[in-house]
Structure formats: C-alpha cells, structure tokens
Amino acid sequence: MKDEKLLKTILRDPEAGMERLVAEYGGLVCAVIRSRLSGTRFCEADIEDCAAETFADLYAGLKAAEHSGDLSGFPLKGRLCVIAKRRAADMLRRFYREADVVPLTPEISAAVPAPGSVEEAFAEAETRAALIAAVKALGRPDSEIIIRKFFLGQSAKEIAEATSLSESNVNTRTHRALKKLKKSMGGEYYER
Amino acid sequence: MNDNDIKNAFESMNENELEELLSGFRAESLDELTKKRTAKSAFIKAGSPSGERAAARPRISRRAMIAIAACLALVIALGAGSFAYAAEAKEYKAALAYFEENGLSTEGLSRSEIKEVYRNFRISASEEGPNGEKKEHETSIGGVSFPADAAAPADDDEFIHADSRWSRTRNGHRERIDGSRDEDGVITLIKYLDDTPLWSCTVEPQKLSFITAFLIDDGTVILGAIPHDETKPSIKAAMLISDDGTEMWFREIGKGREVRAVGAPDGSVAFFSLVNEDPYKNNGILRVTRIASDGEILCAADNFTGMPVIVGEAYCFGEGFIITGFDAIGAEQRLYMIGADGRISRNVDYALDGWECYISGVKEFGGKVYISVYAAKEEFIETAGSEMDPATTDEEALEFTINSTKALLLVCDSAGGEPRIFYEAEGSMGIDLDVNEKGELEWTVWSTCAAKVEPNMPAEDDECYGIKATFRVYKYRFAEDGSFIERFDTGKVTDGSVEL
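Sequence lines, in order, name chains A and B.
Residues 1 to 192 (this note's numbering) make up the first sequence, in order.
Residues 193 to 692 (this note's numbering) make up the second sequence, in order.
Note that these hints are calculated values from the structure, not bench results.
The reader is advised that the hints may include incorrect statements.
For lysine-lysine, the following DSS-like pairs were computed, each having C-alpha atoms within a straight-line distance of at most 27 Å [to be verified]:
1) B:K199 to A:K182
2) B:K644 to B:K630
3) B:K199 to A:K179
4) B:K227 to B:K569
5) A:K136 to A:K63
6) A:K8 to B:K227
7) A:K8 to B:K667
8) B:K227 to A:K77
9) A:K5 to B:K569
10) B:K199 to A:K157
11) A:K8 to B:K660
12) B:K228 to A:K2
13) A:K77 to A:K8
14) B:K227 to A:K63
15) A:K2 to B:K667
16) A:K157 to A:K136
17) A:K183 to B:K199
18) B:K630 to B:K560
Partial list, derived from the structure: chain A residues whose beta carbon lies under 10 Å from chain B [claimed, not checked]:
19) A133
20) A137
21) I146
22) R173
23) L178
24) K180
Every residue gets a Cβ at the ideal spot worked out from N, C-alpha and C, and that includes glycine.
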C-alpha cells in the first residue's frame, strides 16, 4: 500500500514524488550500486549520479506503465534494484570501453547472461525461489546479514555497523545462516 | 552450494524475485543533503534527452508552485534587520553540515572562520563581490560561435512534446500559442489573441528541433536546437515571429539548457541559459545572449557563477535584466542583475528563517527595484500538500493557511543595497508586479478567504489529503515615491487553478 501511494505521488507530482522515493529507497539503490562499483575508480559522487539515473529510469518506466494502464503490482523495490544493477554495469562498461581495458569483473560477466536451455532457466528460477524462501525463513537479523553480504556485497564490518551487532557476531551468524540455507536448499554448503 | 552460487542466484534475480527477497529489508537512509541532491538530479535527468523520457518530462506548473510551493526549496538570505541573525545562523549551520559531509574538522576554528572556510569552498559567488568579476569570461560574438568542446551531456534535456500551449494575459487580452507535431516531426504553431487566430507557422525539423515558445511584447520567440550529428553538441537557436506572422530573424544562441527568453523595450530579446557539464560541480556558467530586433547580436557573455544557476524568471531592468536563479539542488534562489552587456553586475538573496520564499515578480519603479515574494512556512509546505488530517475542519484549515503564508513586497535601490521588506500581507501570496496605466506600481496579491481539506489524489485513493484554498484577488497600489495609495478589491476569487 505504501508503494502504491508512492507511485501515485510520483505520477501526480513528479518532483515531490521523486523526493519521497529517494528518501525511501535511496539508501538501497546506492548500496546496490556501491556493491558493484566499489573498488573501482568510481567515487561516491559517481554512485550518487548513477542512483539519480536509476530513479530517472524508473520514472520513465512508470510513465510507460501508466500509459499502458498497467500499474498494478508495479514492483517498485525490485525494479529499482534491477535498474541500479544495470546502470552500474553500464557505468563499468563505459569506463572499460573508454579506458580500452578488457573487463573481467564479475559485474560485467554477470550483466551478460550466458545462453542456456529453457529447462536450465526453469531450474534456476526454481532454485532462486527456494533461496528466497530459505533466506526469509532465517528471520532477522540473519536474513538481513545474508542479503547484505551476498546481495549488497558488504563486509562483516559494514554489516556489523548497519545491524548494531559485533563483527564476530556477524561472522558467527553468517556461518550458521549459511548452514541453515544449505539444509533448506537440500545441498551441502562449502566455502570457496 | 557456495558463496558464489548464492551471489549468482541473487545477481540473476528478476525484479519480482528481488521484490520478494527484499520485502521487509531496509537499507540505511541517505543523509539529507544526498537525498536532496539525488532527488533533484533524478528529476532533472527524468526530463533528459530523447524519446520516452522527453515525453515523460515532469514539468512543474506554476499553479503547483503557487498552491504549495513544495517544489521550491528556496533558501534566501536577507542581510538586514532582525533577519540578519537568522541568516547568520543558517549559514553557520550549513557550514557545519558541509564540514561534516566532507570529513573536515572544525576544531580550533571560530564560528566566523568556519563560515569563511565554508564560503571559500562553497563557491557562493555573492561572497566574492559582484558575481563573476574575476571569473567571468566572454565567448566570441558575431555569429555566435560558442566552443563545441564542452557539450553538456544533458544538452537536449528540454525537448518536449509540441502538443502544448503557452499563454499569457497582456493589456486584458489573452495571447496563446498552440503547438502540435505531425508524424514527420513538423511542428505547427498557431498564435491566438482572445481565441482569434493571428497566424500560424510550421517549423521543419531540418531547421529547428522545436523546444518551446516564449510570448513577448514584440512577437513570439521560437526556441529549438539546430540539427546536429553526434560529433557536435546541440546548439540552440531561436527565431522571432512578429504578430503578423513574419519571421524577423533566426539566430544560433549557442549551447546551454534551461533557456529563458525575455523581450526588452528596445525590441531586443535576451536569452539566459545554463551551461555546464554537471549540475553539482562548481562549473556553472550563465550564458546571456541578446539579439536586436534586426537580428544583430548585441552581446553574448558567459558569466561564471560557481554553482550552476537555473534561470527561473527573467525581467527587464533598466538597460539590462533581472533574473531569478536557483541552484541545481533547488536550495537557493538568488536575484541576478545583468547589465546591457550581458554581464552579471551583482546578485542578491533573501531568506526568512523557517519559511520558504518564492520570488514571483520583479519590477523597477521610481528608481527602485520591487520584488514580489510569497512565503510559506516549512511546516505548511510539508503537510499542506498531502499530509493533512482529513478530520481538519474548514476553519482549522483556513487558520493554518493564514498563519502559514504571507505575501512580501521587498524593495532595494537600483544601484545596490540588499532587499528589505517594504510591505507584508499575512495569509496571502504575492503574485505579480506591474505598472498600471496611471503609472502606479500595482502589486497583485491573493488573500486566502477559504480553505478546506480534500483528497488530493485520484478518486480511488482516499489516503492523501491536502488543503485546497480559495483566494480573493487584491491589487495594492503604490505611487512613484513608494507611498501606499490603496488596496483595491478586484472582486475576483480564484482557487489558484488559473494559469497566471
């Protein structure tokens, strides 16, 4: 309901709506982008700019959805994350292209999905669905730790700061959570 | 399953899966400054280049600004009287935030030193005396050949659908331009005077990619960009069409965006535009190009403003102009006085602690500059738009509105000096300034006479309630020596929905 209200505000008053949207999801979007750009030449200002692009893209998508009368179930948070990932990957691509460097980063390779069979794609979707269910079943703060670690790429220290846990506690919980995930997913967890 | 499998699974999730995964997850909020910057930048970018995005460009109607003023974060500093302390405190607070944001220590620095450092960092041109004295530079004139090597990425961000209209009221008559675009991109513009067509013209995309039209006293200015290839930046161009439909001139005015045009009494037209590469970097240039009635270029000057200035309104002032300009994050509004040579001679600002102020009109009269302002309390701006309690009675809504808004008439002398409050009307909004047939200064003020809380969203949403106010339209009249003559009730009532 909150997101629906937000969407309506954006469409009614884009500038005010954008402010609310950024207030609500700016942190998440920046975290997604940061996870893909950290360790590269990009600074916080670039991340901020990329976030602004993300929100602008979302607005364009929202207008298109409004035009086609298909606003119901607009996945605001999910859409923002997907756009943010793409935007960050684009930024990296542009940089590598301009710098004439051959990119071998996971960010780049992840942006170009390898061709696979329909069965494989279906199986992967099932795996993802199971993973989502398993992560959610962990409950907080473990689910949050897993999301921060594996989706936002945050270090134990960063997670500790964000969750008000100690760093060692984060590490312990991560380990336990991964074991639980393994059990839920019906496989073995092994560290790299 | 290992770390990479989980990472890859997260990485390959689609938007619906991420929506599910992240439900209930909350990342840290951005700090207020970053929030503002990002939102503003996103808003600007949302109106950028081509295609869908251009079509979807969010445009702020003046009505919306007047109704709530929510879109305008106008922090303007008054340098006199009892407001001096408020302005100082605001600057100090901003300076501390700046230090914190940049990881700088204030240890050992006095209050004034902290502000001094902040000023030096912050590029506020006003602190360095007349804006651009040292930094402004003039580009070539005579044919206007602005350098093409610094094209702004968002150069084309003003392209909008031509299915729009532009209108104004002059001498009691309604002037209007209607525009439409056909499949080939040809724009047809029709000018009306009180619903009677005066002329029509077409603009071929090969000649001009149409952006907008400005109605001025000597005709209509059509603004667009000349066709270009990818190796060249978008160069803006304009043409003047007289009221008999004759094309008077066609001129390039260089690159730049957020272009505003104003006609001068001598028949010339001045264009103001923002030239910079990044709206958040200290490289703002305000470009001023002035074209005579015969098409001759009178001046073309670039003024270095530090923080980029987005031009709001432009007015004639003496032999030059006054413009209102916002910085890119909408945090500051200033008045820039521009000479006949296109150079900024000085700039002034105005602020009222706890209030958001919007300059709605400027007029030179009796050797002084009068500035019409409407101001709304920050608390009002935050709640009046969509956060009102639906149980609020009409009386409460009216009281809230009256206590939270005021019209201000400021005055400063033409040669210099900071604006000071000349006249104030509570529960009102200063709308416009003009000189009437009797040679009196006429200040149009909307005075709130009724207010009620209504849903302000589409009918199916009953969660957002805002104040809908009704105003009585007054004219305040002043003699040339500044003395008050009368407050005249026009008998008109408006709900604010009429375009001014």
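Hint numbers the structure violates, sorted upward?
Hints 2, 5, 7, 15, 20, 22, 24 are the ones this structure does not satisfy, whereas the remaining hints hold.
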